[in-house]
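Asks: Single-letter residue listing:
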Amino acid sequence: MSISPIQSNVPEVTSKKKNLLSKIISQKHLLIMLAPCLIWVILFCYTPLWGWYLAFVRYRPGFPISSAPWVGLENFDRFLFKSLDFGRVMRNTIVVNILTLIISMPLEISLAIVIYEMRFKVYKRVMQTISYLPYFISWVIVGGIFFQFLSMQGVVNNLLIALGITKEPIMFLGMPSMAWPILIFTRIWKNLGWSTIVYLGAMGGIDPNLYEAAYVDGAGRMKRIWHITLPGLAPTISVLLILAAGGLISGSFEQVYVFQNPANMEYADTIDTMVFRMGLQQANFSYATAVGIFNTFCSLALLVFVNAVIKRINGRSLF
Amino acid sequence: MRRRIKKYISEELFDIFNIAFMLLLCVATLYPYLNVLAHAFNKGADTARGGLTIYPRVFTLENLRTVLSNDELKQAAIISAARTLTGTLLSILITALAAYALSKRYLPGRGAILVFLTIPMFISGTAVSNFIVMHHLGLLNNFLVYIIPRAFNFFNMIIMRTYFCTIPPSLEESAEIDGASGFLVFARIILPLSLPMLAALSLFTAVGHWNDFFTNLLYIHDHRLNTLQYVLMKIVREHNMMSFINDLRIYQTGRTGEMVPQMTPESIRNAAIIVAVFPIIVVYPFLQKYFINGVIIGEVKE
Chain A
18 MSISPIQSNV PEVTSKKKNL LSKIISQKHL LIMLAPCLIW VILFCYTPLW GWYLAFVRYR
78 PGFPISSAPW VGLENFDRFL FKSLDFGRVM RNTIVVNILT LIISMPLEIS LAIVIYEMRF
138 KVYKRVMQTI SYLPYFISWV IVGGIFFQFL SMQGVVNNLL IALGITKEPI MFLGMPSMAW
198 PILIFTRIWK NLGWSTIVYL GAMGGIDPNL YEAAYVDGAG RMKRIWHITL PGLAPTISVL
258 LILAAGGLIS GSFEQVYVFQ NPANMEYADT IDTMVFRMGL QQANFSYATA VGIFNTFCSL
318 ALLVFVNAVI KRINGRSLF
Chain B
69 MRRRIKKYIS EELFDIFNIA FMLLLCVATL YPYLNVLAHA FNKGADTARG GLTIYPRVFT
129 LENLRTVLSN DELKQAAIIS AARTLTGTLL SILITALAAY ALSKRYLPGR GAILVFLTIP
189 MFISGTAVSN FIVMHHLGLL NNFLVYIIPR AFNFFNMIIM RTYFCTIPPS LEESAEIDGA
249 SGFLVFARII LPLSLPMLAA LSLFTAVGHW NDFFTNLLYI HDHRLNTLQY VLMKIVREHN
309 MMSFINDLRI YQTGRTGEMV PQMTPESIRN AAIIVAVFPI IVVYPFLQKY FINGVIIGEV
369 KE
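Chains as they are written, first to last, in our numbering: chain A, 18 to 336; chain B, 69 to 370.
Just so you know, these hints were derived from the structure itself, not from any lab. This one's a predicted model, so the numbers in the text were calculated from it and none came from an experiment. Heads up, a few of these hints could be off.
Mimicking BS3-like on lysine-lysine, the simulated pairs with C-alpha atoms at most 27 Å apart in a straight line are [as the list claims (entries may be wrong)]:
1. K142(B) to K357(B)
2. K302(B) to K111(B)
3. K141(A) to K357(B)
4. K357(B) to K138(A)
Just chain B, same shape as in the assembly (with noise of 0.2 Å):
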C-alpha cells in the first residue's frame, strides 16, 4: 500500500515537471514574439524610454500605418505574394506529374530515374556555378527566378510518390477502361484523391517561397523585384535604415504636406515584422491541423 501511494507522489511530480517544463517553453517562445508586437503597436517616442515589455504603453497605429504606406513595402509584398502563389502551384504540378509517373512500376527505366534524381541530393554544384547557370539561362534579374529554380522538390516527389501508391490501382483500371487517357486519370482520379497530402504540401512550399530571401540577394538586382523578406532584411540589417526614415519622410510630407508623427527606427522595423509575418500567423492553423493529425509524421518516418 505505501508503495503504491509513493509511486503516485512520483507519478504527480513528473507531471507537474513536464507542465512547468512546457510553460517556460512557451514563455520563451512567445516573449520574443510579444515583445516585437508590443513594439509595433507603442508610440515611438514612449518606446524610446525603454522597458517596453509585452504590452504597448502608448497604444499608436501610426508604426503599422506608416509601413503599409510605403510604397517599397507595398511593391515588395506583391512580388512575394505573386512568387508565393505562382511558384507554389508551379512545384506542385511538376512534382506531382514526375511522382505520379514514377509511381509506376510499369515505367520503363524507373530504377535508373530515381537513381539519376537522388545524387544531387548528395553532390551539388557550387553557389558560382549556380549562379553562371542562372546568367546564361536569362534568370538573372528576372521574376522568373524565383519560381523556376523551385519548380521541383525531391523530397515533396517521395512524399507524393509514397501517397500515390497507396491509391487502389483498381480505381485507373476501371476509369481507364471507361476510355480515359493517362493525363485524365491524373487529373481526375488521383489528383482528387489526393488532395488533403496536396494541401499539405503546397502550404509547406507556400511558407518556403514566402520566407526565402536568398534567391532575390542572389540573383536580383533590380530593386521592383525585390520580396518582402528581402526588403526587410535591409531594414532589420540597418544598412539601410536611415535613408528608409529619410525616403518616409519625403513620402510623407510630400503628400501630406506636415511632418511625420515621431517615429523611431525600431517602430517602424518591428511594425515592419508584423507585416511579414502575418501571412504566416494566418497560414499557420490550416498547416498545424496536417502536422498534428499526423500527415507529416507518417511521411518523416518513412
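Bound-form chain A, shown alone (with noise of 0.2 Å):
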C-alpha cells in the first residue's frame, strides 16, 4: 500500500514520517463509520460464501454439515446431465431474457428519442411522469392488475370478441403457450419508461454544436437522429448490453414467480424459482447450491465475454 501524503484536515498536527499505525489511530472517526458497511459485508455477502461447500456434499437437513459424505460434482451432474430440469429451466430463462432484450431495447432508445425530441415541456413531463410510474409498482400489484386484465371477463378477452377474432374467452394466465409473452410483455411494460433514463442522461451529454452543426448543414430531423444521435447513445448501448448479458442466465424472481401456476409450469419456470422451489420449500439443499454456483459462474462467464467482444468491436467496454 503507498503511503499517501496526510492532507491538513486532520485534526491534530502531522509530520510526514508517521507510520501506518499512528495514521490509523488519527484516522480512527473514519474507521468506526466504516465498522458497521464493513461488519455488514462480511455477514451477509461474504460468509454465505462459504456455503458453496454444500455444493460438494450429500447434505441432509437435521444432520451437522461436518458428517456430510463429499461427493465432488455429483451434484452438478445431477442437474446439468441427469434432470429433466436443466433443459426446461435453462431454456426459459434465456428465451425469455433474451427477447425481452430484443424487443424492448430497440423501444426504449425510440420512447428515449421520442421524449427528447418532444417540444412541448408540459406534454414531455406529463409524459415522463406516467411511463416511469410502473417501475415504481411492485411485481406483485403488477401481477394482480395483469391477472385482472387477461382475466376470462377482462378487457382483453372482451376486446378480442368484440373484434371477433376469437369467439370463447382464451385463458391467458393458464395456458402454457401464454407464459412466454406474458413475461414478456409485463417486463417490458414494467420497465420500458424508467430505462429510458439512462439514454436520456446520455442524449444530454451529446455535443449540441453537432446538432447546430448538421442544421446548418441541411440535415433534417431523422438525418440529426441517425447521425448525431444514434451514434452517440453507441456506449451506453454497449454498456447495457455488457450488464445484460451478465444478467441473461438470472431471471427477475418476483415477477416469475407472481405469474407461475400449476398450468404453466413448463415454460414459466426458470432457474431462480427452481432454486428456491428445490432448495428452500423441498430441502435439497446441495441442489440447489450447486445451481446456484452455476449460475453464478456463467453469469461471470457471460459478462467479461460479451465484455471481451465488445472491447474488440468498438474499443469501449466496462472493465
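Assemble the dimeric complex from its two separately framed chains, guided by the hints.
Replies: Following this line, the structure appears as C-alpha cells:
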C-alpha cells in the first residue's frame, strides 16, 4: 500500500514520517464510520460464500454439515446431465431474457428519442411521469393488475370477442404457450419508461454544436437523429448490453413467481424459481446450491465474454 | 423555397408521430391501472356481469371498507410501514457513514476496501447459503430480517460518495479548526449539505422496502410478521382466496351479526391492490421531482 501524504484536515498536527499505525489512530473516526458497513459486508456477502461447500457434499437437513459425505461434482452432474429440469429451466430463462432484450431495446431507444425530441415541455413532463410509474409498482401489484386485465372477463378477452377474433374467451394465464409472451410483455411494460432515463442522460451529454452544424448543413430531424443521436448513444448501448449479458441467465424471481401457476409451469419455471423450490421448499440444499453456483459462474463468464467481444468491436468496455 | 416547405411538413409529421406514439404509450400504461380502480369501486355483483372498463358502473366503497377492516391486512400494513421507516433510516445512515469515510483520500487502505466491497457485486452466495446464514444469525422469523440484510447498499454508497466528494473541503476544515470532531462534521455539515440527494435515495430505498415480498417469502413463517405485499401476493395468486373470503365472512358476521354484502374475490383483490399501491402514488410526485430534475440522471451517467 502506498502511503499518500497526509492532508491538512487531520485534527492534530501531523508529521510526514508518521507510520501506518499512528495514521490509523488519527483516522479512527473514519474507521468507526466504516465499521458497520464492513461487518455487514462480511456477514451478508462473504459468509454465504462459505455455503458453496454444500454443493460438494450430500447434505441432509437436520444432520451436522461436517458429517455430510463429500461427493465432489455429483450435484452438478445431477443438474447438468441427469435431470430433466436443466434443459427446461435454461430454455425458459434464456428465451425470456433474450426476447425481452431484443424487443425492449429498440423500443426504449425510440421512446427516449421521442421524449428528447418533444418540443412541448408540459407534455414531455406528463409523459415522463406516466411512463416511469410502473417501475415503482411492485411485481405483486403488476401481477394483480394483469390478472385482472387478462382474466376470462377481462378487457383483453372482451376486446378480442368484440373484434370477432375469438368466440370463446381465452384463458391466458392458464395457457402454457402464453407464459413467455406474458412474462416478456409485463417486463417491458414495467421497465420501458424508466429505462429511458439512462438514454436521456446520455443524450444530454451529446455536444449541441454537432446538432447545429448538422442543421446548418441542411440535415433534417431524422438525419440528425440517425447521424448524431444514435452514434452518441453507442457507448451507453454497449454498457447496457454487457450488463444484460451478465443477467442473461438470472431471471427476475419476483416476477416469475407471481405469474407462475401449475398450468404454465412447463414454460414459466426459471433458474431462480427452481432454486427456490428445490432448495428452500423441498430442502434439497446441496442440489440447489450447485445450481446457484453454476448460475453465478455462467453469469460471470457471460459478462466477461461479452465485455471482451464489445471491446474488440468498438474499443469500449466496462472493465 | 419549395424545399423549405417540404422540410417544414416533414418536421410537422415527425411531431405528430411523436405525440401519437406518446399518447399510445400513455393509454397502454394507464389503462390497466384504471381498470383495477374501476373494479375496486364497482359493486361485486355488477362486476360479475363483465365488461367493466375504466369507470365503475355501480359505485360502492364496500370493497374498500371490507379490505380496510380486515385484521390480517391491517396487521400487514403496520409491519410494512414499520419496516419501511426503520429500514430506510438504518440503510441511509450506514451507507452514508461508509460513503463519507470512503470519500476521504487519506483513509488508510481505501482502494483495498473499495475492492472488498465491489467483489460481492459479481460473486454472491446462493439462496440456500443466505438462508443458512440468516438461520445462524437468528434472523428467521424475526422482524429484523426485513431491516438488517438491506442495511447497506453498494450503489447508493457510490452515489453518496460521488456527492460527498463535491462538497468543498474548506467547509470541513474550518469546522475542524473550530474544534468539531469527525462525527460532528459529518452530522452538522455533510448531512445537511447533502439533504436533496439523501432525500432522493431515501425515497428509492423506501419504495424498495415497501414493494419487497421476497424476504417475507423466504425467511418469515410467522403470519403476524407478514408484510402487505406478501399478503397481497397470496391473494393475487389466489392460493387462499377462498379461505380469505370465509375469514371475512366469519369476521364480519361475528361482529355485526349480519351477512356480508355481495362481494366477489375479484372485487376484494382489486380493492387490496388499490390499498397497497396507495403509498407509492402518494410519494411518487416527490420521487418524480428528483429524477426529472436530473439528480438521478447525473448519477446514472457516472
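Asks: Check the hint pairing K141(A) with K357(B) against an upper bound of 27 Å on the C-alpha distance.
Replies: holds (14 Å)
Asks: Do the alpha carbons of K142(B) and K357(B) lie within 27 Å of each other, as the hint requires?
Replies: violated (31 Å)
Asks: Taking 27 Å as the top limit, are the C-alpha atoms of K302(B) and K111(B) close enough?
Replies: holds (23 Å)
Asks: Hint check: K357(B) vs K138(A), CA-CA at most 27 Å. Holds or violated?
Replies: holds (15 Å)
Hint 1 from the earlier list is the only one contradicted by this structure; the remaining hints agree with it.
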